[in-house]
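Q: The lines below spell out each chain.
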Amino acid sequence: DGGITQSPKYLFRKEGQNVTLSCEQNLNHDAMYWYRQDPGQGLRLIYYSQIVNDFQKGDIAEGYSVSREKKESFPLTVTSAQKNPTAFYLCASSMGTGGFDEKLFFGSGTQLSVL
Amino acid sequence: SQELEQSPQSLIVQEGKNLTINCTSSKTLYGLYWYKQKYGEGLIFLMMLQKGGEEKSHEKITAKLDEKKQQSSLHITASQPSHAGIYLCGADSKRTSNYQLIWGAGTKLIIKP
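For the record, the sequence lines run as chains C and L. In terms of the working numbering, the first sequence is residues 1 to 115. In terms of the working numbering, the second sequence is residues 116 to 228.
No lab work stands behind these hints, which were simulated from the structure alone. Treat the hints loosely; a few may be bogus.
[Unchecked claim] Reference listing, derived: stretches of chain L covered by chain C, where coverage requires no fewer than 3 residues with Cβ under 8 Å from a Cβ of chain C:
| # | segment |
| --- | --- |
| 1 | 154-167 |
| 2 | 202-208 |
| 3 | 212-225 |
From the three backbone atoms N, C-alpha and C, an ideal C-beta is built for every residue, glycine too.
Bound-form chain L, shown alone (with noise of 0.2 Å):
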């Protein structure tokens, strides 16, 4: 069955500064969500990338899919106070449905003023 590992577990950044997350799934990614959580709340659905070398942006936030090396990363550029939260990455090997999703355990970031 297909894993989802996201690095960092978490991580703080200074404000203003740029940071990157990243999954990296254990079987071929063919397609990708990212997902934000603010803690205790729900999921708040970022981007979606459906094939390699996908690459799409949102404000401030970057992300890509790396087929070949079955990962993705998210990347944010200088940093603020609302990017603070959970980060979430879900995919399905087959990219077949959303209700055969796996997800990572999240990446948390810590946003120091």
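The shape of chain C in the complex, shown without the other chains (with noise of 0.2 Å):
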């Protein structure tokens, strides 16, 4: 069955710990984005990718870095420098590079959490 498969599903971070979180897709699909959920708040755009070796940052890129080597794969990089990381991160992708009509399909998310 086609989807998104984001691991792990849980992830510490230590202190001055650069992390990374899986995102891969087999929909085919153009675009890819990586999404923040903290509580009590609405989704906050990290980084978003529309083709292979491209990728544009978000609302909140700052701390984060991303890759789109394969059409398949969009990993997000927690580095040291996100001074409060805990949350439920997302990844999404659409089938073409980003119109409105595209529906978002997530991933189950990934649950990181600062020790």
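Build the complex: two chains, separate frames, hints provided.
A: In structure tokens:
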């Protein structure tokens, strides 16, 4: 079955450590996205990519980095510069390059916590 | 910038009862998405509304877009335990791209058996 796979489900980060969240899709979608979800707040866009080898900053990109070397993969690195990384991270994809009428398909999320 | 406010923040409903969730925008709503999220899981697409006055239904869920009120409502008829979860709305005031979507904080729905 086609879908988006995020791993791990739970991740713990130590002070000064970089951690990488995995996101893989087999939907053959062009666009991929990373969102951060905090309790009581709406989703906030971290980065998005409309095509391989290209990505754009979202609203809260500071302290995060991404790569898009393959169409099906869009890993997110939470760097030590992100001082408040505890949140639920959601990866999504859409068929085209991000038009409003392209519905988003979401992975099941990664909960990142700080030790 | 556009803001979306969802009401109520949480809702406990007896199984079999009807309920309505609202999503109100600070700017004109030209299009809006409704998604459902199980706790600790990803979002599942419910419906997309693209013009004022539009109404869509899927099984027992109906969504409407009231452009004048800058509001969308999600109505569930004869609620079931499977309807429990968090309902989120997402919109872009210019309806140009989904990477410019602004999201509401969600409405948590609990169904009492």
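Q: The structure should be examined with respect to each hint, and the outcome stated for every one.
A: Hint check:
no.: 1; hint: 154-167; verdict: holds (count 8)
no.: 2; hint: 202-208; verdict: holds (count 3)
no.: 3; hint: 212-225; verdict: holds (count 9)
Checked against the numbered hints given earlier, this structure breaks none of them.
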